[in-house]
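Using the sequences and the accompanying hints, generate a full structural model.
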Amino acid sequence: MIYLRLFFEFFKTGLFAVGGGMATIPFLYDLSDKTGWFTYDKLADMIAVSESTPGPIGVNMATFVGFTTAGIPGAICATLGLITPSVIIILIIARFLANFNDNKYVKSAFYTIRPASTALIAAAGVLVLKISLLNVDTFQQGGGILSLFDFKAIILAVIVYVLTNFVKPLKKLHPVVFIALSAVAGIVFKFAGA
Amino acid sequence: MNIYLDLFLSFAKVGVLTFGGGYAMLPILQREVAENKKWATEEELMDYYAIGQCTPGVIAVNTATFIGRKVKGLAGSILSTLGVVFPSLVIIIAIAAFVNNFADSPIVQNAFAGIRACVCVLILNAVVKLWKKAIVDKPTLLIFAIVFILSVFTNLSPVVYVILAAVAGIILKSLEAKK
Chain A
3 MIYLRLFFEF FKTGLFAVGG GMATIPFLYD LSDKTGWFTY DKLADMIAVS
53 ESTPGPIGVN MATFVGFTTA GIPGAICATL GLITPSVIII LIIARFLANF
103 NDNKYVKSAF YTIRPASTAL IAAAGVLVLK ISLLNVDTFQ QGGGILSLFD
153 FKAIILAVIV YVLTNFVKPL KKLHPVVFIA LSAVAGIVFK FAGA
Chain B
-6 MNIYLDLFLS FAKVGVLTFG GGYAMLPILQ REVAENKKWA TEEELMDYYA
44 IGQCTPGVIA VNTATFIGRK VKGLAGSILS TLGVVFPSLV IIIAIAAFVN
94 NFADSPIVQN AFAGIRACVC VLILNAVVKL WKKAIVDKPT LLIFAIVFIL
144 SVFTNLSPVV YVILAAVAGI ILKSLEAKK
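Quick note, the sequences are listed as chains A and B, same order. Under my numbering, read the first sequence as residues 3 to 196, first letter to last. Under my numbering, read the second sequence as residues -6 to 172, first letter to last.
What the hints contain is simulated information worked out from the structure, not anything from laboratory work. Check before you lean on any hint, since a few could be wrong.
Just the calculated beta-carbon pair ranges, DEER-fashion [what the hints assert, rightly or not]:
hint	chain 1	residue 1	chain 2	residue 2	range
1	A	P171	B	E36	31 to 39 Å
2	B	F91	A	K36	25 to 33 Å
3	B	T34	A	T37	38 to 46 Å
4	B	L143	A	I90	24 to 32 Å
5	B	I156	A	K106	17 to 25 Å
6	B	A87	A	T140	56 to 64 Å
7	A	P75	B	F91	16 to 24 Å
8	A	V160	B	E28	38 to 46 Å
Straight-line Cα separation of at most 20 Å, SDA-like style, residue types lysine to any residue; simulated pairs [said to hold, decoys possible]:
hint	chain 1	residue 1	chain 2	residue 2
9	B	K65	B	E35
10	A	K154	B	I100
11	A	K44	B	V92
12	A	K36	B	F146
13	B	K63	A	K174
14	A	K174	B	P20
15	B	K63	B	M39
16	B	K122	A	V128
17	B	K126	B	K65
18	A	K132	B	F146
19	B	K65	A	I91
To give a feel for the contact side, a few chain A residues facing chain B, derived at Cβ under 7 Å [stated by the list, open to error]:
hint	residue
20	V20
21	N62
22	I92
23	A96
24	Y113
Note that CB positions come from ideal geometry on N, CA and C, so glycine has one too.
Structure (structure tokens):
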């Protein structure tokens, strides 16, 4: 039953994704591998939409994946799945709040969970990089080394990187600004070749 | 107004205004929860937010659960949490229906090809931000390297890494304590 499966998969994501909305991304790639419910391309689109619409990114992604997989009931099941572990864990912690932050074991566990979680997000970033900046398919069909790189996309990525990291007045701008500008660039320069 | 309805609506407002992830949420929470409704003090809010960041799950949801519980127990926590996710459900379903219907249009395809290049950079920026808090010494750098390499080259579920990392941390720290 797809609804139960969605609830369960997002329950797992909610339970193990540490460090905010971006931390859910590796779990969604894993889900794509296991179920084939959506492609990597589609997932990258969903990340972009989730970043540029109101609401927490993790929740937006659960809703989007749920909806794409199984319509409105799917969206609701995925979202409820994602938030249920949070509610349970926080209610437990709230009872023992005074000690939680100082607990030796909690501290030790998070000391290593944090770098692991960062690594998982970075690895998911590599997957996004592969589908957005490289043409692995044309390269494998013997297109030569130059055909591996999608130069339009790479130039855009470098521009966005510089703007978001080194240009003072732009650094603080909301990501939606850069997403919108990239969409315009994509349409004007026909990034998909469509 | 009924307190439960008030919790739901206030957190729905926080959900709408949280634009771009949990990190954007703090100033909005401060205004709505601490200044307007006086449901929690600024300090409590910071504590909840800090714990929400380092516990599993979506930060916004974790924080909403905390405050809802403080105001009105279990029912309060559930309503606050539902409030914070409600706008996402409505907005995303509307957008998803649109995007999925027009996925084949050249304009949508070109737009998303551009957007994907941007998403790469946004993920990279998020990693750099997290890196500063997470990679603090040699052991954490080593954990990062191991998990990164394994997850790029294998198909293991992320769950495995999180559990193993937690165990490694507890062992490492207890060995350190013994020295």
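Hint check:
1. A/P171 with B/E36: 31 to 39 Å: Given about 33 Å between the Cβ atoms, the range holds.
2. B/F91 with A/K36: 25 to 33 Å: holds (28 Å)
3. B/T34 with A/T37: 38 to 46 Å: Holds, at about 45 Å.
4. B/L143 with A/I90: 24 to 32 Å: Because 29 Å falls inside the window, the suggested range holds.
5. B/I156 with A/K106: 17 to 25 Å: holds (19 Å)
6. B/A87 with A/T140: 56 to 64 Å: With a Cβ separation near 36 Å, B/A87 and A/T140 fall outside 56 to 64 Å, so the hint is violated.
7. A/P75 with B/F91: 16 to 24 Å: holds (19 Å)
8. A/V160 with B/E28: 38 to 46 Å: holds (42 Å)
9. B/K65 with B/E35: holds (19 Å)
10. A/K154 with B/I100: Since the Cα atoms of A/K154 and B/I100 sit roughly 16 Å apart, the hinted pair holds (cutoff 20 Å).
11. A/K44 with B/V92: holds (10 Å)
12. A/K36 with B/F146: holds (16 Å)
13. B/K63 with A/K174: violated (33 Å)
14. A/K174 with B/P20: holds (15 Å)
15. B/K63 with B/M39: holds (14 Å)
16. B/K122 with A/V128: holds (17 Å)
17. B/K126 with B/K65: violated (33 Å)
18. A/K132 with B/F146: Given pair A/K132, B/F146 holds - Cα atoms ~13 Å apart, limit 20 Å.
19. B/K65 with A/I91: The hint holds at about 17 Å.
20. V20: With Cβ-Cβ at 5 Å, under 7 Å, it holds.
21. N62: Holds. Min distance 5 Å.
22. I92: holds (4 Å)
23. A96: holds (5 Å)
24. Y113: holds (5 Å)
Violated hints, in rising order: 6, 13, 17; the structure is consistent with all others.
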